[in-house]
Amino acid sequence: MPTQLQIFPSIHIPLPRDAIYRRLGYREGTTKIDARKREEIDRHIDYATSLISLKGAGLRVPLRDVTPHRVVFGTGAEIESDKLARFLKGCTEALLIGATAGGAVMDAIRGDTEGGDMTRGVVVDAAASEMTDAALDWIIGLFNRLLTREQARLTKGRFSAGYGDFLLEKQRMVYDLLELHRIGIKINENFILIPDKSVTAVAGIQG
Amino acid sequence: MSLKDRIKERIIILDGATGTELQKKGMPAGACPEIWCLENPGIIGAVHSSYRDAGADIVTTATFGANRVKLSQYGTHDVARVNRDLALLARSAVGAGVLVGGDIGPTGRFVRPFGDLDFEDAVEIYKEQVRGLLEGGVDLFLIETMIDIQETRAALIAVKELTDTFTSVTMTYEAHGRTLNGTDPVTALITLQSLGADAVGCNCSTGPEEMLGLIEAMKPWATIPLVAKPNAGMPELIDGATLFTMREDTFASFGAQFVSKGANLLGGCCGTTPEYIRRLKEAVAGGRSIPPARDSISAVSSARSSVILEGRRALSIVGERINPTGKKPLQEELLEGRMSLVRTMAKEQERMGASLLDVNVGMPGIDQKKSMLEAIGSLSVASDLPLVIDSSDSNVIEAALRLYPGRALINSISGEREKTERLLPVAAKYGAMFILLPLTEGNVPETAEERKKIIEAVFAKAAALGFAKADIVVDGLVMAASSDSKAPMETLKTVEWISDVFKANTIIGLSNVSFGLPERPSLNAAFLAMAVSKGLTMAIANPGVEEVMNSSVAADLLEGRDRDAAAYIRYFSRRPPEAKGKRVPSHEVPADPVFQAVLDGNRDDIESVLSRALEAGGDARKIVDGSMVPAITKVGMLFDRREYFLPQLIASAEAMKKGIAYLEPWLGDAGPAKRQKGRIVIATVKGDVHDIGKNIVTLMLRNQGFEVTDLGKDVPAGTIIQEAARIKPSVIALSALMTTTMVNMREVVELAGQQSLDCQFMVGGAVVTKAYADSIGAHYAKDGVEAVRVAEKLTLGKDSDRDLSS
Numbered sequence: 000m001p002t003q004l005q006i007f008p009s010i011h012i013p014l015p016r017d018a019i020y021r022r023l024g025y026r027e028g029t030t031k032i033d034a035r036k037r038e039e040i041d042r043h044i045d046y047a048t049s050l051i052s053l054k055g056a057g058l059r060v061p062l063r064d065v066t067p068h069r070v071v072f073g074t075g076a077e078i079e080s081d082k083l084a085r086f087l088k089g090c091t092e093a094l095l096i097g098a099t100a101g102g103a104v105m106d107a108i109r110g111d112t113e114g115g116d117m118t119r120g121v122v123v124d125a126a127a128s129e130m131t132d133a134a135l136d137w138i139i140g141l142f143n144r145l146l147t148r149e150q151a152r153l154t155k156g157r158f159s160a161g162y163g164d165f166l167l168e169k170q171r172m173v174y175d176l177l178e179l180h181r182i183g184i185k186i187n188e189n190f191i192l193i194p195d196k197s198v199t200a201v202a203g204i205q206g
Numbered sequence: 000m001s002l003k004d005r006i007k008e009r010i011i012i013l014d015g016a017t018g019t020e021l022q023k024k025g026m027p028a029g030a031c032p033e034i035w036c037l038e039n040p041g042i043i044g045a046v047h048s049s050y051r052d053a054g055a056d057i058v059t060t061a062t063f064g065a066n067r068v069k070l071s072q073y074g075t076h077d078v079a080r081v082n083r084d085l086a087l088l089a090r091s092a093v094g095a096g097v098l099v100g101g102d103i104g105p106t107g108r109f110v111r112p113f114g115d116l117d118f119e120d121a122v123e124i125y126k127e128q129v130r131g132l133l134e135g136g137v138d139l140f141l142i143e144t145m146i147d148i149q150e151t152r153a154a155l156i157a158v159k160e161l162t163d164t165f166t167s168v169t170m171t172y173e174a175h176g177r178t179l180n181g182t183d184p185v186t187a188l189i190t191l192q193s194l195g196a197d198a199v200g201c202n203c204s205t206g207p208e209e210m211l212g213l214i215e216a217m218k219p220w221a222t223i224p225l226v227a228k229p230n231a232g233m234p235e236l237i238d239g240a241t242l243f244t245m246r247e248d249t250f251a252s253f254g255a256q257f258v259s260k261g262a263n264l265l266g267g268c269c270g271t272t273p274e275y276i277r278r279l280k281e282a283v284a285g286g287r288s289i290p291p292a293r294d295s296i297s298a299v300s301s302a303r304s305s306v307i308l309e310g311r312r313a314l315s316i317v318g319e320r321i322n323p324t325g326k327k328p329l330q331e332e333l334l335e336g337r338m339s340l341v342r343t344m345a346k347e348q349e350r351m352g353a354s355l356l357d358v359n360v361g362m363p364g365i366d367q368k369k370s371m372l373e374a375i376g377s378l379s380v381a382s383d384l385p386l387v388i389d390s391s392d393s394n395v396i397e398a399a400l401r402l403y404p405g406r407a408l409i410n411s412i413s414g415e416r417e418k419t420e421r422l423l424p425v426a427a428k429y430g431a432m433f434i435l436l437p438l439t440e441g442n443v444p445e446t447a448e449e450r451k452k453i454i455e456a457v458f459a460k461a462a463a464l465g466f467a468k469a470d471i472v473v474d475g476l477v478m479a480a481s482s483d484s485k486a487p488m489e490t491l492k493t494v495e496w497i498s499d500v501f502k503a504n505t506i507i508g509l510s511n512v513s514f515g516l517p518e519r520p521s522l523n524a525a526f527l528a529m530a531v532s533k534g535l536t537m538a539i540a541n542p543g544v545e546e547v548m549n550s551s552v553a554a555d556l557l558e559g560r561d562r563d564a565a566a567y568i569r570y571f572s573r574r575p576p577e578a579k580g581k582r583v584p585s586h587e588v589p590a591d592p593v594f595q596a597v598l599d600g601n602r603d604d605i606e607s608v609l610s611r612a613l614e615a616g617g618d619a620r621k622i623v624d625g626s627m628v629p630a631i632t633k634v635g636m637l638f639d640r641r642e643y644f645l646p647q648l649i650a651s652a653e654a655m656k657k658g659i660a661y662l663e664p665w666l667g668d669a670g671p672a673k674r675q676k677g678r679i680v681i682a683t684v685k686g687d688v689h690d691i692g693k694n695i696v697t698l699m700l701r702n703q704g705f706e707v708t709d710l711g712k713d714v715p716a717g718t719i720i721q722e723a724a725r726i727k728p729s730v731i732a733l734s735a736l737m738t739t740t741m742v743n744m745r746e747v748v749e750l751a752g753q754q755s756l757d758c759q760f761m762v763g764g765a766v767v768t769k770a771y772a773d774s775i776g777a778h779y780a781k782d783g784v785e786a787v788r789v790a791e792k793l794t795l796g797k798d799s800d801r802d803l804s805s
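Order-wise, the sequence lines are chains A and B. With the first letter of the first sequence counted as 1, position 166 gets the number 165 in numbering that gives the first Met the number 0; the numbers rise by one all the way through. With the first letter of the second sequence counted as 1, position 177 gets the number 176 in numbering that gives the first Met the number 0; the numbers rise by one all the way through.
The reader is advised that the hints may include incorrect statements.
[To be verified] When the alpha-carbon atoms are kept at most 20 Å apart in a straight line, the in silico SDA-like pairs for lysine to any residue are as follows:
no.	chain 1	residue 1	chain 2	residue 2
1	A	K88	B	D238
2	A	K36	B	G543
3	B	K260	B	I289
Calculated directly from the structure, the hints in this document are not laboratory data. Here the structure is a predicted model, which means the values were calculated and not measured.
My request is simple: use the sequences and hints to build the entire structure.
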């Protein structure tokens, strides 16, 4: 299978309203919220969706070698990480993925939380976080769908730089391979993605 | 006998999987299937003939990925030759008596507005493939495994612009019943059958059991045969290999159910083999094919939803807001090529209850075609509602229909010659519905009788192009009551005749009736209710006008369109009290309105509530200490118990902040400076750009009377210590969201120790734990409420309640 970078300039996902509420601390049966407040929060969520522009990228990369301590990609790039190596054990390929909610929503959150409307700011922030995660799930779902025809599938779960011994500095490598600048993401000297509602992850291809 | 005729007689059997059969016969992983087949003609020929022998009426060419995008990944560019040769190979393998279906699959890219592949490029890519397949003599086309409705449209248009050969289109649905891009099967059906598909359905997706429901959902709305090609069950990971485990007989046992649900063509997808197809054929032998239930359908669709406009359904409101006339901000945005206000208006109207959105971008100085295409692209991503393409320019409408990823409603086609001659064929080509406007050249007919003649004349021209009455919505033609008091009654007569005699859907541009009169919402609402009683099915209106929306749901109920009053009750129970027009009676005025306003997070009313409290002789300091502080304390308690969640906590904190600011002139010597409980320096540590949590803590601390200096985010340890040395806080509060930046908290603590700073540390953030805080000698706070408590504890007896204003 050729490794070709796929850019998704416009990802549409069903609005994860319940997940946004849960991220904000809503607990079914415990949290009490009247119709007026619910209407306000829903309005803020709708506002968030008018600002969020989900984009993503995905790249299948052959795995040249997976030892207990190291993962070597077909591109020659290496990652030293026991946990990632364990996660990718038995896989012949890896899938690198990235997604962002875009810059406009971050500008709005900043404006709201630095003196505007902080209630709206926290709701929009939660919506952007949930929707970015959902965009990654969408990319995973797409590749799983394509892999079905090859009688293969992705590992359950995904692994991101910055967790365990998969050092955050390796986010630079993932960023470069995914050419995330093409969807408006930058990476700073601390290997943090900007806009900060941006994420990358690695999954394995099995079967 | 044509395929269409054969489908009427019996179930047509398609073949099963090709890819997995090729893998079994030696195709290596990573090979280009199309090129491998051309290099191994005997093997693919054997696969085709084995399906023929199994009883397939149609075998599929091995051209699923034979498009320019996919083939070029393997270094092959002669798309037409690959398709032609593979089609010839299939024909040669199966001989006469079995049909050869030219297989067309996704390019792997998404098409605008959902991706970066230009729509016309997508059409051209598919035309290249279609030409090759036609050269190879295919009998029909099978567009399959599609995920993106826009790419599917591009493929179908490519076929239809080159040939009238039978074309089946199947999409792939996830377990939740939608494609990955969110299209449900009924929406796909409405879009694709109106665009000219000869059969529509689903393939791949799931196993047969799950696919039955998709076929069942489509059947009532189908004007064409339905296709089902399920996988051999859901794939399972067994010993590192992904396998389809459903047995042949189990797979075949679903055949009869598919027939009873209305499938007309049956086959298999991933994991199926000739044996599955043989068993399937045996299972449905003799079964009667259920024909489509209808010849036409009144329905429109977007990429992700559809609206059926038939039967005694609730009135559909077409949101009229996306129109620059009289809206300067929208005019400016459109001229600058921005679409954020368009998206916001769409979301607002959707929330207010619109079923469709009218899109009009006509204004002086604008490239209307460019603007309309941008608006359609933007709205197709931002909103699920079907669009009404509203323009006086036929070229704009044609361009919009080509790009629109659904079945649109055109606003409008009148009896004017230019409109009927130019737009009716365009509407027919793209399968759009249209609003029939009973106007002719320079003539606005005043009476219902005159309008009827125009309606019948325009419809006769439309019928000649294949339109049914279900495909049109007739405008009742609303004129202003202020200029002719008889005009509204003529409109109602027209609506009644269209509804009862002509038997078509009706629409009115509601607000025209009140033009030039005061209290327009009341008049509009009354007229709407009257029109609903005459059978009105749609109204172009502003769903943000409460009177209109209230009238709409009330009229639906009274007209028997709202069974058990369910929609009416749901509508009014969801509206917040003030939107319902409810006024709080005097006996319901809370005992302490200030307390209640903070508790409710009522930022809008806190100032007026405080104003009334002051006017009633209240003392500002007592209001703060006796009402506001207890209220915010109770909010913290409710938050701790999870009875409040974050937005409620923040709203109350903001109400408190706003209230304190309002009271400041009255607080005098008891003002904020005198309330200081202690000084706190707060920052998000070096390397971390996340600061919303820190901002929340800052708000909470300030509300409780702390003097907080916020140093911002990504702040180096040296800067924090330098500022702390200058400000001399009781507490340094540090925030971090990531494990990689959390470690920088330790550096701050250690640096403070080196410089002998006399202060305590409080830390928090998503990844920070109490154990970590303990390990660096800091205090931990899990959220803003706890941060206040920790800060109070740390400052108690130190500089609490000291006058820190100096």
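**Message:** For a quick check of understanding: which of the numbered hints are violated here, in increasing order?
**Reply:** Every hint satisfied by this model.
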